[in-house]
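Once you have looked at the hints, place chain B with the ligand on chain A.
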Amino acid sequence: MQLIACPWCGPREELEFSYGGQAHVAYPSDPAALTDEQWARFVFFRDNPKGPFAERWAHSAGCRRWFTAVRDTRTHRFLSVGPLAASGSGATS
Amino acid sequence: MAEIQTATLTARHPLEGYRDLLEALSAELAPALALELGGLVAAVDLRVDPAGGGPAAVEQVVGGPLPTRPDTWTALPAGQALRLGPDEWLLTSAAAQPEDWEFAVDEAAAAHGGMAVDVSAQRTALRLRGGAARELLTTGCALDLRPRSFPHGRCAQTLFGQAAVVLVAHGGDDLQVLVRPSFAAHVVDRLVDAATEYRPDPSPESGPASWETP
Ligand SMILES: [Zn+2]
Numbered sequence: 019m020q021l022i023a024c025p026w027c028g029p030r031e032e033l034e035f036s037y038g039g040q041a042h043v044a045y046p047s048d049p050a051a052l053t054d055e056q057w058a059r060f061v062f063f064r065d066n067p068k069g070p071f072a073e074r075w076a077h078s079a080g081c082r083r084w085f086t087a088v089r090d091t092r093t094h095r096f097l098s099v100g101p102l103a104a105s106g107s108g109a110t111s
Numbered sequence: 469m470a471e472i473q474t475a476t477l478t479a480r481h482p483l484e485g486y487r488d489l490l491e492a493l494s495a496e497l498a499p500a501l502a503l504e505l506g507g508l509v510a511a512v513d514l515r516v517d518p519a520g521g522g523p524a525a526v527e528q529v530v531g532g533p534l535p536t537r538p539d540t541w542t543a544l545p546a547g548q549a550l551r552l553g554p555d556e557w558l559l560t561s562a563a564a565q566p567e568d569w570e571f572a573v574d575e576a577a578a579a580h581g582g583m584a585v586d587v588s589a590q591r592t593a594l595r596l597r598g599g600a601a602r603e604l605l606t607t608g609c610a611l612d613l614r615p616r617s618f619p620h621g622r623c624a625q626t627l628f629g630q631a632a633v634v635l636v637a638h639g640g641d642d643l644q645v646l647v648r649p650s651f652a653a654h655v656v657d658r659l660v661d662a663a664t665e666y667r668p669d670p671s672p673e674s675g676p677a678s679w680e681t682p
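Note that the protein sequences, when read in sequence, are chains A and B.
Following my numbering, the numbering of the first sequence begins with 19 at its first residue and continues without gaps.
Following my numbering, the numbering of the second sequence begins with 469 at its first residue and continues without gaps.
One or more hints might be untrue.
[Said to hold, decoys possible] In silico contact screen, one side only, chain A against chain B (beta carbon under 10 Å); selected entries: (1) Gly-28; (2) Glu-31; (3) Leu-33; (4) Glu-34; (5) Ser-36; (6) Tyr-37; (7) Gln-40; (8) Trp-57.
[What the hints assert, rightly or not] Label-pair ranges, simulated between beta-carbon atoms: (9) B/Arg-667 / A/Val-61: 21 to 27 Å; (10) A/Glu-55 / B/Val-585: 42 to 48 Å; (11) A/Gly-38 / B/Gln-473: 51 to 57 Å.
[Stated by the list, open to error] Examples of chain A residues lying across from chain B (beta carbon under 10 Å, computed): (12) Leu-21; (13) Trp-26; (14) Cys-27; (15) Arg-30; (16) Ser-78; (17) Gly-80; (18) Cys-81; (19) Arg-82; (20) Arg-83; (21) Val-99; (22) Gly-100; (23) Leu-102.
Keep in mind the hints are simulated off the structure, nothing from the lab.
Even glycine gets a Cβ: it sits at the ideal position worked out from N, Cα and C.
Same shape as in the complex, but just chain A:
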């Protein structure tokens, strides 16, 4: 099992993390204006690259914060880990 470097807690076992899918999927600015097909594309369709992939991860068993990481889908290796996502009270540290 590999270690994932949580931006807050440091290196922790992969078991402590949960996966949140593709990163940087923007919420539509005017959802009501979308057709069913466009909405389905936003909800269900994700990239599936062979190689580096920017993803959302949560440190569920640790600090419980979300962050973005780039993982190589061929090797399952983490290439980089971004900063923590902003939380409810606006603190990102």
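Below, chain B with the ligand alone, put in the same frame as chain A:
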């Protein structure tokens, strides 16, 4: 007309049924290992922007410093302040009533857009002492718990087996485990089982000692 009976409810440690077992075990394993139940404390979960004036305002109320670095804790006059996340702390007090503790911290934090919630019943505490304490925890936890990596003043939210725990380092041979009451018996059972490793060689006459869990 029936007379109304009133009773005072007293707080009881969720692992009260393990107290005798842990005492007997600790006596047998001394000085390598001692397991005991932690005290009941008032606890609040504080959420506040670390960059604003919130932490300083809370420090005034709790009478001690809040930890500034990730995964560290500081001592308060009658409790502890543990850093759980960038904008999250766990503040405990053995002296205050839970509702007073929550009110005082929340009032200080609210002025800075933060909040505090009473979580006194959320976690229960175990104390592990002795030269084998750290090694015992590694039977269910993958963190590097050697004193060099996890010295006095460190804490960590992690997993022990399948249970979410907060590990708190008080010293080289002194660790505290915070765990949800519903997982606490599971964690103690695992620790007691793992502690078999440290039993002295049984003499043939005495027969097997009973460590049957309640
Ligand atoms: Zn973390």
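Against the structure, the hints:
Given hint, A/Gly-28 at the interface with chain B, holds; its Cβ is 8 Å from that chain's nearest Cβ, closer than 10 Å. Checking A/Glu-31 against chain B: minimum C-beta separation of about 5 Å stays under 10 Å; hint holds. Evaluation of the A/Leu-33 hint against chain B yields a held restraint, the C-beta minimum of about 7 Å falling below 10 Å. Residue-level restraint check for A/Glu-34 holds (minimum Cβ-Cβ distance to chain B is 6 Å; threshold 10 Å).
The closest approach between the C-beta of A/Ser-36 and any C-beta of chain B is roughly 13 Å, which is over the 10 Å cut-off, so the hint fails. A hinted interface residue such as A/Tyr-37 counts as satisfied when its beta carbon comes closer than 10 Å to some beta carbon of chain B; here the least separation is about 17 Å, so the hint is violated. The beta carbon of A/Gln-40 is not positioned within 10 Å of any beta carbon in chain B (closest approach about 24 Å), and the interface hint is therefore violated. Look at A/Trp-57: its Cβ only gets to about 34 Å from chain B, farther than 10 Å, so that hint breaks.
Taken as a hint, the range 21 to 27 Å is violated for the pair B/Arg-667 and A/Val-61, whose Cβ atoms sit roughly 57 Å apart. Separated by about 43 Å at the C-beta atoms, A/Glu-55 and B/Val-585 satisfy the suggested range of 42 to 48 Å. As the Cβ distance of A/Gly-38 to B/Gln-473 is approximately 53 Å, the hint placing it in 51 to 57 Å holds. Hint status for A/Leu-21 relative to chain B: holds, with the closest Cβ pair at about 9 Å, below 10 Å.
About 5 Å separates the beta-carbon of A/Trp-26 from the nearest beta-carbon of chain B, less than 10 Å, and the hint is met. Of the supplied interface hints, the one on A/Cys-27 holds, with its beta-carbon coming within about 6 Å of a beta-carbon of chain B, less than 10 Å. For A/Arg-30, the interface hint holds, since its Cβ comes within 10 Å of a Cβ in chain B; the closest pair sits about 7 Å apart. For A/Ser-78, the interface hint holds, since its Cβ comes within 10 Å of a Cβ in chain B; the closest pair sits about 9 Å apart.
Restraint check, A/Gly-80 versus chain B: the minimum CB separation of about 5 Å is within 10 Å; hint holds. About 4 Å separates the beta-carbon of A/Cys-81 from the nearest beta-carbon of chain B, less than 10 Å, and the hint is met. With 10 Å as the threshold, the beta carbon of A/Arg-82 comes within range of chain B, its nearest partner Cβ sitting at about 7 Å, so the hint holds. With a cut of 10 Å, the hint placing A/Arg-83 at the interface with chain B holds, because the nearest CB-to-CB distance is about 6 Å.
Below 10 Å, beta-carbon pairs count as interface contacts, and A/Val-99 has none with chain B, the closest being about 14 Å; its hint is therefore violated. At about 14 Å, the closest approach between the beta carbon of A/Gly-100 and any beta carbon in chain B exceeds 10 Å, and the interface hint on this residue is violated. Checking A/Leu-102 against chain B: minimum C-beta separation of about 6 Å stays under 10 Å; hint holds.
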